[in-house]
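Keeping their order, the protein sequence lines are chains A and B. Those letters in the first sequence? Residues 322 to 540, by this note's numbering. Those letters in the second sequence? Residues 322 to 540, by this note's numbering.
Worth flagging that the hints you see were computed from the coordinates, not collected in a lab. Take these hints with a grain of salt, some might be off.
Intra- or inter-copy, both count: the list cannot distinguish identical chains.
What the hints assert, rightly or not - Restricting the straight-line Cα-Cα distance to at most 20 Å, the calculated cross-link-like pairs of lysine to aspartate or glutamate (EDC-like) are: (1) 327 <-> 403; (2) 455 <-> 508; (3) 331 <-> 428; (4) 455 <-> 480.
If you're wondering where the values come from, they're calculated on a predicted model, not measured in any experiment.
Number of protein chains: 2
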Amino acid sequence: MIPKFKRLPKHIGIIPDGNRRWAVNQGLSKESGYNRGIDPGFALYELCLELGIPEVTFYGFTVDNTKRPAIQKRAFQKACVDAVNILANRDASLLVIGNHESPQFPEELLPYTTRKTFGGDRIKINFLVNYGWKWDLSHAMTNKAKETCLLHEEIASKDISRIDLIIRWGGRRRLSGFLPVQSIYADFYVVEDLWPDFQAKHFLDALSWYQNQDITLGG
Amino acid sequence: MIPKFKRLPKHIGIIPDGNRRWAVNQGLSKESGYNRGIDPGFALYELCLELGIPEVTFYGFTVDNTKRPAIQKRAFQKACVDAVNILANRDASLLVIGNHESPQFPEELLPYTTRKTFGGDRIKINFLVNYGWKWDLSHAMTNKAKETCLLHEEIASKDISRIDLIIRWGGRRRLSGFLPVQSIYADFYVVEDLWPDFQAKHFLDALSWYQNQDITLGG
Chain A
322 MIPKFKRLPK
332 HIGIIPDGNR
342 RWAVNQGLSK
352 ESGYNRGIDP
362 GFALYELCLE
372 LGIPEVTFYG
382 FTVDNTKRPA
392 IQKRAFQKAC
402 VDAVNILANR
412 DASLLVIGNH
422 ESPQFPEELL
432 PYTTRKTFGG
442 DRIKINFLVN
452 YGWKWDLSHA
462 MTNKAKETCL
472 LHEEIASKDI
482 SRIDLIIRWG
492 GRRRLSGFLP
502 VQSIYADFYV
512 VEDLWPDFQA
522 KHFLDALSWY
532 QNQDITLGG
Chain B
322 MIPKFKRLPK
332 HIGIIPDGNR
342 RWAVNQGLSK
352 ESGYNRGIDP
362 GFALYELCLE
372 LGIPEVTFYG
382 FTVDNTKRPA
392 IQKRAFQKAC
402 VDAVNILANR
412 DASLLVIGNH
422 ESPQFPEELL
432 PYTTRKTFGG
442 DRIKINFLVN
452 YGWKWDLSHA
462 MTNKAKETCL
472 LHEEIASKDI
482 SRIDLIIRWG
492 GRRRLSGFLP
502 VQSIYADFYV
512 VEDLWPDFQA
522 KHFLDALSWY
532 QNQDITLGG
């Protein structure tokens with residue numbers, strides 16, 4: 322069923338966009354789309370386990386996203402909490418990264434702001450929750466090692482490794498603040514379909530494309 | 322000749338990739354490709370003037386690129402110097418941004434590390450020369466405003482504004498360290514053709530695509 326790949330990414334970033342557009346297309350209210358993003362996330366998680374992908378980062382929601390109407394905000398906050406609760410019954414080493422000193426951060430997720438392992442430690446899952454690129458990078462400025470250029474050691478998301486491949490659903494070709502430091506050399510693949518319409522084929526097509534990219538890191 | 326666009330980007334980032342691959346395809350040595358990247362840059366500059374695009378940033382070379390063989394390094398350094406010398410006879414307000422305290426930075430370009438205006442001030446042209454994303458961001462860490470989150474005010478490239486559209490030639494779908502802060506919400510368009518094979522159509526197709534993108538900035 323799953324093809325053999327000659328080279329797989331070690332770390333994949335997932336931008337699961339299009340939940341609201343999907344809901345509107347179905348004649349539903351915008352906020353009802355977020356809940357439909359959970360099952361696709363676990364379908365993708367299962368594929369990653371099967372392929373042996375060591376690390377996956379999901380874009381939950383950002384500081385900028387919290388400017389949306391309150392009913393939408395509550396819906397995407399709840400979807401993140403529900404996803405973590407389901408994951409707690411699976412195998413994963415989970416880290417939730419975001420500004421957890423803000424009231425926009427769901428308090429149910431506070432225990433996961435240091436990495437917690439559930440079941441077998443088969444895969445690292447990082448979840449960006451109330452994440453802000455400014456929050457992430459400016460964290461470096463308040464830390465000690467100002468004399469060094471080892472910025473990556475000091476940013477708030479320092480426990481998240483370099484990303485090889487970013488897959489964005491929903492057709493938009495932008496990073497929208499997704500981990501700017503880790504994404505420096507990431508290959509960027511866009512799926513036109515909306516995230517609630519996730520199919521395994523989207524993901525496998527992205528991996529097929531990725532295996533043929535020439536990785537140079539600027540050299 | 323040039324179509325009417327309903328919405329144009331205010332600031333375009335250009336990643337002119339594929340010079341070496343182009344040279345190899347022509348049976349030439351890799352380094353001879355860089356010189357062929359200058360004319361396309363001026364063709365694009367003329368289109369931007371005609372359309373009234375206010376700001377364009379070109380990716381010259383990066384700190385990572387300087388790890389390449391010396392003959393290639395000298396060739397891309399020279400191409401950057403030649404491009405600036407030609408621009409000095411046109412209309413532009415030029416800023417060269419990069420680590421100019423390094424010996425990899427061509428000294429001929431030192432006068433342009435503060436913005437200089439040539440002819441009429443019709444367009445801002447920024448040129449990244451010996452640019453490094455780490456150098457850029459870590460600059461923020463050595464500055465004063467550590468208590469604020471106004472990181473953008475403090476990075477080395479603070480005089481370069483937010484980018485609306487990034488166009489990369491040469492088929493690769495990655496930013497390769499191109500201005501991570503300014504590129505947060507940039508739409509990313511990839512041209513399969515190599516940069517020395519630049520055609521006006523590539524650029525106009527990117528603008529046609531861009532005018533139909535929904536700009537939300539996370540809201």
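Hint check results:
no.: 1; hint: 327 <-> 403; verdict: neither (35 Å within a copy, 42 Å between copies)
no.: 2; hint: 455 <-> 508; verdict: between (22 Å within a copy, 19 Å between copies)
no.: 3; hint: 331 <-> 428; verdict: neither (30 Å within a copy, 40 Å between copies)
no.: 4; hint: 455 <-> 480; verdict: both (17 Å within a copy, 17 Å between copies)
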